[in-house]
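If you read the sequences in order, they're chains E and G. Take 1 as the starting number for the first sequence in the working numbering and just add one per residue. Take 1 as the starting number for the second sequence in the working numbering and just add one per residue.
Since the hints were made in silico from the structure, they are not lab data. Small disclaimer: the values here were computed from a predicted structure and weren't measured. Treat the hints with care, as some may be off.
Have a look at the derived ranges for each label pair, beta carbon to beta carbon [what the hints assert, rightly or not]:
1) Thr11/E / Glu323/G: 25 to 35 Å
2) Asp157/G / Arg108/E: 23 to 33 Å
3) Lys51/G / Lys230/E: 47 to 57 Å
4) Gly231/G / Gly231/E: 46 to 56 Å
5) Glu264/E / Asp155/G: 56 to 66 Å
6) Asp155/G / Ile316/E: 19 to 29 Å
7) Glu112/E / Asp306/G: 52 to 62 Å
8) Lys30/G / Gly64/E: 35 to 45 Å
9) Gly231/E / Glu323/G: 48 to 58 Å
10) Glu126/E / Ala24/G: 50 to 60 Å
11) Asp222/E / Val127/G: 43 to 53 Å
12) Phe19/E / Asp306/G: 32 to 42 Å
A short, non-exhaustive set of chain E residues, derived as facing chain G with CB atoms under 8 Å [unchecked claim]:
13) Val127
14) Ser140
15) Asp239
Cβ atoms here follow ideal geometry from the backbone N, Cα and C, with glycine treated the same way.
Number of protein chains: 2
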Amino acid sequence: MYEKKTAMRRTEIDTLGEFGLIKALTKDIKLINGSTSKGVGDDAAVLNYGKKQTLVTTDLLLEGIHFDLMYVPLKHLGYKSAVVNFSDIYAMNGQPKQITVSLGISKRFSVEDIQAFYDGVYLACEVYGVDVVGGDTSASLTGLTVSITCIGECDKDKIVYRSGAKENDLICVSGDLGAAYMGLQLLEREKAIYDGKDDFNPDFSGKEYLLERQLKPEARKDIIALLAEKGIVPSSMIDVSDGLSSDIKHICDQSKVGCRIFEERLPIDYQTAMMAEQFNMNVTTVALNGGEDYELLFTVPLHLHDKVSQIKGVHIVGHITKEEYGQVLEARDGSELQLKAQGWNSLEEKK
Amino acid sequence: MYEKKTAMRRTEIDTLGEFGLIKALTKDIKLINGSTSKGVGDDAAVLNYGKKQTLVTTDLLLEGIHFDLMYVPLKHLGYKSAVVNFSDIYAMNGQPKQITVSLGISKRFSVEDIQAFYDGVYLACEVYGVDVVGGDTSASLTGLTVSITCIGECDKDKIVYRSGAKENDLICVSGDLGAAYMGLQLLEREKAIYDGKDDFNPDFSGKEYLLERQLKPEARKDIIALLAEKGIVPSSMIDVSDGLSSDIKHICDQSKVGCRIFEERLPIDYQTAMMAEQFNMNVTTVALNGGEDYELLFTVPLHLHDKVSQIKGVHIVGHITKEEYGQVLEARDGSELQLKAQGWNSLEEKK
């Protein structure tokens, strides 16, 4: 994962020009979705949605803010850039179908670099069944800029908004929380130790899961499929990108409800816990505020308790309350803390 | 247009935070299109397209590459950023309906600055009947990054691609060419003269059209409406963003045809001609390669000659030939030049 740069062919982007670069990057695209009438190569892509509703989401990723190419290989960055957009479509209970990929590229990057980025995008698209249908490439004065827009579809009566949570609904989250954040801490630490040394060889054994969660996150297409299989349409849903405490706030605000989250119910992988211990960090804070988990956070009516409990990888972490009760974390010792109150957002400020 | 910065309220973006900024920027959005089921505020927007085809286009604009805030007011930048995307949808013979707006913002910008940008976006959306349905805002280490994606619709049998031009088709262009480029030259010259002087007061009288074409371009919604009114569906179409010689090349390449453009037919405003003279530039080169005109370049079958000639603001500038004849400019003196051949793309390299 932490690849050393080896000698590689380097083609200056100037030698291809913008149109040549686009041609090189898009020549192998095979369209897979019936709803894609026309992809790359005209002023706009043409999509054909019959009775389905169309979903649109977009993300802007900037070098130095969202990623550090010191430890993120470009192929991983391409994969992750695509996947985080798919995650937003799944969070509506939809299926991602098309993406556009725009890049701002400084002179530091070669055609091979950009091809590596696209290889990651294409791999993600293959895994998730999505077509690349357009984009824009441009010179940039500084660093790499990535902008991805994803279009998806969903039956009208199956779309899940942030605004549908009701009192007594169960709050569920898939997978585990905080690992991507600890992966980032680990990479940042090794980067500081590295400091340009030639013989640097970081040891990540036993921490592979944390790195994978940071460098190659997956969107929870599987959970959406399992919910559909069980006939469950959540009352509200969001993906955990900013951290559970920030994302449950969106659901509470838009649904005009409160929530009670139980600290002891938070799903945390043992690698996350061990690494938090090493870094002298509170693992609950990490799980609540770390972000970039790309897990699904959703609510279901109480009567679906048994059904939702059966879904592998889904954890019930709390329940929805009246709005006036606020957004509460019940700690292991039974004490109550306001989510996002002093102490619980310190980590976010640090980001 | 060339506004001097006056004393204004400055709110640091940090005081609002990302969510506060988004809220401030989107609180006044009123949705106007029936196809917009749900706009800003969830993981993705929800669009409802029945029998129409959906069009998608995207543009990435970077400070220092695509715009210079020394002479482009932020409101104008917002307007232009939206309009250039609408232009791509019109170039498919479609109607723009929704956009997403993503911004990367450095500390140099205040909330008022970003609001000014959005005011321009909203104004463009009002003029063209488009809904803002989502986006992303992010910190940026350097300057302003703008990424806009536009979604539009069109009846399936009315979509116009770049690939449909046939031998003997007439080549038409709306409006006039080269003015936006001369406007840019003018602004660049004044910027060089300005050089930080306090009492600088550039005189742009008699050159307003050039500035307007550069700073506040319009997309040719009117031409699309006029074509529809006359029952004309062009055989191919593109918008002139890189310059006619580059854009007709896209049509020729994708349609597998050649073209013959007549120098004397190129529509050029007198302000463009005068300014080119002042700058000692060949006005034909400017018209062919200047770019940013956002006019429509399209082809129609020969039998529509009379009909298309009646459309105000549309000029027939040449015709489509067999592919083996190449892409030819017939100069005023009858000599032939290959479009994009040596000498004709010097300007593009300079850009």
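Could you see if the CB distance from Glu126/E to Ala24/G stays within 50 to 60 Å? violated (40 Å)
Quick check: does the Cβ-Cβ distance between Asp222/E and Val127/G fall within 43 to 53 Å? holds (45 Å)
Should the interface hint for Asp239/E be scored as holding, given a Cβ-Cβ cut-off of 8 Å against chain G? holds (6 Å)
Just to be sure I understand the hint, the distance between the Cβ atoms of Thr11/E and Glu323/G should be within 25 to 35 Å; is that true here? holds (29 Å)
So the hint says 47 to 57 Å: do the beta-carbon atoms of Lys51/G and Lys230/E match that? violated (33 Å)
So the hint says 32 to 42 Å: do the beta-carbon atoms of Phe19/E and Asp306/G match that? Holds: the Cβ-Cβ distance is about 36 Å, inside 32 to 42 Å.
Given the range 48 to 58 Å, decide if the beta-carbon distance of Gly231/E to Glu323/G lies inside it. holds (57 Å)
Is the hinted range of 23 to 33 Å satisfied by the C-beta distance from Asp157/G to Arg108/E? Since the Cβ atoms of Asp157/G and Arg108/E sit about 47 Å apart, the hinted range of 23 to 33 Å is violated.
Using the C-beta atoms of Lys30/G and Gly64/E, is the stated range 35 to 45 Å upheld? This hint holds: roughly 36 Å between Cβ atoms.
Between Glu264/E and Asp155/G, does the beta-carbon spacing fit 56 to 66 Å? holds (58 Å)
At the C-beta level, are Glu112/E and Asp306/G separated by a distance inside 52 to 62 Å? Roughly 54 Å apart at Cβ, these two residues keep to the hinted range, so it holds.
Given a cut of 8 Å on the nearest C-beta pair, is the interface hint for Val127/E held or broken against chain G? Hint on Val127/E: violated, closest Cβ of chain G at ~20 Å, above 8 Å.
The structure shown violates the earlier hints numbered 2, 3, 6, 10 and 13.
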